[in-house]
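**Q** Generate coordinates for the entire structure from the input sequences, incorporating the hints supplied.
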Amino acid sequence: MRRLPFILKKEFIQIFRNKAMLPIIFVVPIIQLLILVNAADFEIKNILIDISDADKSAESRSLISRFEQSPYFTVSHLGENYASNIERLDKWESDAILTIPKNFSSDLKLNMRTKLRLDVDGIDGQKANITYFYVANIVQGVYLEILKKAPKSALLKIPKPIDIKPRYWYNPELEYKNLMVPGLLAVLVTMVGMFLSSMNIVREKEIGTIEQLNVTPITKAEFIIGKLFPFWLISMFELAFGLFIGKLIFDIPIIGSLILLFSFTAVYLLVMQGLGLLISTFTQTQQQAMFISWFFLVIFILMGGLFTPIENMPLWAQKITWFNPVSYFIEVLRLVLLKGSGFQDIAKYFGIVGFMAILVNAIAMFNYKKRAA
Amino acid sequence: MRGHVLRAFIKKEFLHIFRDYRTLIVLFGMPIIQVILFGYAITTELRGIKIGVWDMSRDQKSIQLINNVTSSGFFTKVHEVSSSSQVESSFQKGDVKAFLVFPADFESRFQRGDGSIQIISDASDPNTANIVTNQLSSIIQRWAQEEGGMPTQKIGIETEVRMHYNPEMKSVFLFVPGVITIILMLVSAMLTSIAIAKEKEMGNMEILLVSPLKSTTVVIGKIIPYLVLSLFNAAIILSIGYIVFGVPIKGNMFLLFFECLLFIMVSLSLGVLISTKVESQQMALMLSLFALMMPTILLSGFIFPISSMPWPLQWISHVMPPKYFIIIIKSIMLKGVGISVVWKETMVLLIMALVFIGLSVKNYKSRLQ
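Protein sequence lines, in the order shown, are assigned to chains A and B.
Going left to right, the first sequence walks through residues 1 to 373 as our numbering numbers them.
Going left to right, the second sequence walks through residues 374 to 742 as our numbering numbers them.
It is worth saying that the hints were derived from the structure and are not from the lab.
Just so you know, even glycine gets a beta-carbon here, dropped at the ideal spot from N, CA and C.
A few of these clues could be false.
[Claimed, not checked] No farther apart than 25 Å at their CA atoms in a straight line, the calculated lysine-lysine pairs in the DSS-like style are these:
1) B:Lys-450 with A:Lys-165
2) A:Lys-165 with B:Lys-466
3) A:Lys-177 with B:Lys-571
4) A:Lys-91 with B:Lys-717
5) A:Lys-19 with B:Lys-735
6) B:Lys-466 with A:Lys-177
7) B:Lys-587 with A:Lys-10
8) B:Lys-423 with A:Lys-348
9) A:Lys-319 with B:Lys-708
10) B:Lys-571 with A:Lys-19
11) B:Lys-543 with A:Lys-45
12) A:Lys-348 with B:Lys-450
13) B:Lys-735 with B:Lys-573
14) A:Lys-319 with A:Lys-348
15) B:Lys-571 with A:Lys-91
16) B:Lys-385 with B:Lys-587
17) A:Lys-177 with A:Lys-247
18) B:Lys-650 with A:Lys-19
19) B:Lys-450 with A:Lys-319
20) B:Lys-708 with B:Lys-623
21) A:Lys-115 with A:Lys-165
22) B:Lys-423 with B:Lys-450
[Said to hold, decoys possible] Cβ-to-Cβ under 10 Å is the rule here; a few derived chain B residues that face chain A:
23) Asp-393
24) Leu-400
25) Glu-453
26) Gln-465
27) Ser-497
28) Ile-504
29) Ser-511
30) Gln-514
31) Ile-530
32) Glu-574
33) Met-578
34) Val-601
35) Leu-629
36) Met-659
37) Met-667
**A** Here you go:
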């Protein structure tokens, strides 16, 4: 192990010799963090709603003015030609079209049921759903207002709704960035850890220098540690740097213990680097290594529970996520940073990820030895 | 003579590609697995959300309401607690998403018209917290109306809603176009950038440069095989979307084919442009990954609607090729409209392709001098 410091020194020199590598490792991810955190927001705003009012009564006008005052909607007014209105959905000119029929207010006065028509672009099911939810809320509000003005006798007894008090723990303002900063950091750290590790080893194979290394007295373990440790360190540093930026600029909460978080990350990175190492043992070129890493990463990331909750997935897909190290990392980041969970809460995840680390690295080492022999 | 040379060069490139069966497996296996996996797994539809209950009243009404909530299929009750610290500890373990809290005299207060319930949600995932709270509230209110003897919907304003293009509001309608876009973009751009960077790294580029091949022949020869592969990929993904998930292709197939071709051209030329700027495969990979992967996923309108983003980001999204392609492909596949609707987006992609190709040729030439 006397040789290890020299091998590490060589690896670090090689990494930092490439002037373009530094900005890519440090600057690009941070810029991404700054930009993308703002992009990842499920709150639906600026819904383009078109209203076609055939009734033109006080009631319909009060309905329209509520839409105009709502922060969620941008209203445009349309004529009464339903067919040509609907075409606006085809052209992406509007997200929803509300049609107020001619007898809207007269039906209301007669205490009858009156109908509004809402045509929604349903391609984005979630946005469509929320649009409908907002519209229904506004319509209900108008109706209750009309009821209040009407004489009591004319009305049937309306049961009072239950008073529901929502409490949003750990994030009372529902700030999406509190989740996205740690989440995106997880993704970035994972990418650096897995990709660079696998490519770094395959590169020696591809340019043939691995043969030279094989005939030196360097042992396999020294070689692998020498290849992996620099990126392990860089990834850890990247997480620290990213958290610092997140705290500084986005003021994300850091409630739990950072020592706990970094110890978990240290183990987690071993899994991802082990996967990178494993990939490097059965690929010959950087292109192959990169493609295979990319294949797994996209699955890991999109099924990691960051963008869509794992609970929404069908059961078989949830079972697949048991094997997804990224989902554990994202979960732990969220638990420790936002909820202040302690070691006992996340001991389960420590166990799983620790087991994965041992397993993956054992397989990779075994595979590696066989190849070289 | 030139056509002959080009053909030979393309043949060489194809041989290079087919020789490397590992990359080929990934190249074709990946889109298939990803579309199927994501078609099923990535969904924003709520189901089976785990909730807990803190029922201080334990009377008939609260039990009835809890049954009502769990029988909806959206929620399963996994926990029953009796103190605030238990709520805290089960959130910290990450077991449940929300708690329903009933006050001690729920039934009698409800009958007086003064019922109240607290919904405590774990907002460390704010989006889920929001959806869960809304969904729980609407189930509770509907129950309250029925219990209170509301003559359901005899009078009042009914909003008759029609969801166009996707009546069942399936997430997969949104994700199939998105996954096609991501895969085409990344496969095309990453593949070409790395293929060319490889020639550079191995030193073969110098050999190509001193050969009688024209620079355009080299660039075209590098692009065409990947163009063919990417088109194959697009066809596979579209078929899976149609066969497995019933995502329709309402519009003109030829137009769709042409637009895919155009978008692949944009991605490939972007890949060539990246490759002219880098010296090693590692660099090419990092650039195409960090500069393309996350922005493609997040800024293209694939998962998050662009219209909800702050304006500087909406601005950035204007220069993202995938954004235009996603609009085009959704229009043709799901809305069934033609070029009269998507001509603007098509023009943008065309211009992007020309700019990228122009820049690549310029960069490539400057290398020669």
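**Q** Confirm or reject each hint.
**A** Hints and how they fare:
1. B:Lys-450 with A:Lys-165: Holds, at roughly 20 Å.
2. A:Lys-165 with B:Lys-466: holds, 24 Å
3. A:Lys-177 with B:Lys-571: violated, 39 Å
4. A:Lys-91 with B:Lys-717: The given pair, whose Cα atoms are some 11 Å apart, holds under the 25 Å limit.
5. A:Lys-19 with B:Lys-735: holds, 24 Å
6. B:Lys-466 with A:Lys-177: Holds. B:Lys-466 to A:Lys-177 sits at ~22 Å (cutoff 25 Å).
7. B:Lys-587 with A:Lys-10: violated, 40 Å
8. B:Lys-423 with A:Lys-348: holds, 19 Å
9. A:Lys-319 with B:Lys-708: Given that 25 Å is the threshold and the Cα spacing comes to 35 Å, the pair is violated.
10. B:Lys-571 with A:Lys-19: Given pair B:Lys-571, A:Lys-19 holds - Cα atoms ~19 Å apart, limit 25 Å.
11. B:Lys-543 with A:Lys-45: holds, 21 Å
12. A:Lys-348 with B:Lys-450: Roughly 22 Å between the alpha carbons, so the hint for A:Lys-348 and B:Lys-450 holds.
13. B:Lys-735 with B:Lys-573: holds, 17 Å
14. A:Lys-319 with A:Lys-348: holds, 16 Å
15. B:Lys-571 with A:Lys-91: Violated, at about 44 Å.
16. B:Lys-385 with B:Lys-587: holds, 16 Å
17. A:Lys-177 with A:Lys-247: holds, 11 Å
18. B:Lys-650 with A:Lys-19: holds, 14 Å
19. B:Lys-450 with A:Lys-319: holds, 20 Å
20. B:Lys-708 with B:Lys-623: holds, 7 Å
21. A:Lys-115 with A:Lys-165: violated, 31 Å
22. B:Lys-423 with B:Lys-450: Given that 25 Å is the threshold and the Cα spacing comes to 6 Å, the pair holds.
23. Asp-393: holds, 7 Å
24. Leu-400: For B:Leu-400, the interface hint holds, since the closest Cβ of chain A sits about 7 Å away, which is under 10 Å.
25. Glu-453: violated, 18 Å
26. Gln-465: Nearest chain A Cβ about 4 Å off; hint holds.
27. Ser-497: Status holds, d = 4 Å.
28. Ile-504: holds, 8 Å
29. Ser-511: holds, 8 Å
30. Gln-514: holds, 5 Å
31. Ile-530: Hint on B:Ile-530: holds, closest Cβ of chain A at ~5 Å, below 10 Å.
32. Glu-574: holds, 8 Å
33. Met-578: violated, 15 Å
34. Val-601: violated, 18 Å
35. Leu-629: Since the shortest Cβ distance to chain A is 16 Å, the answer is violated.
36. Met-659: Holds. Min distance 5 Å.
37. Met-667: Result: holds, 6 Å to nearest chain A Cβ.
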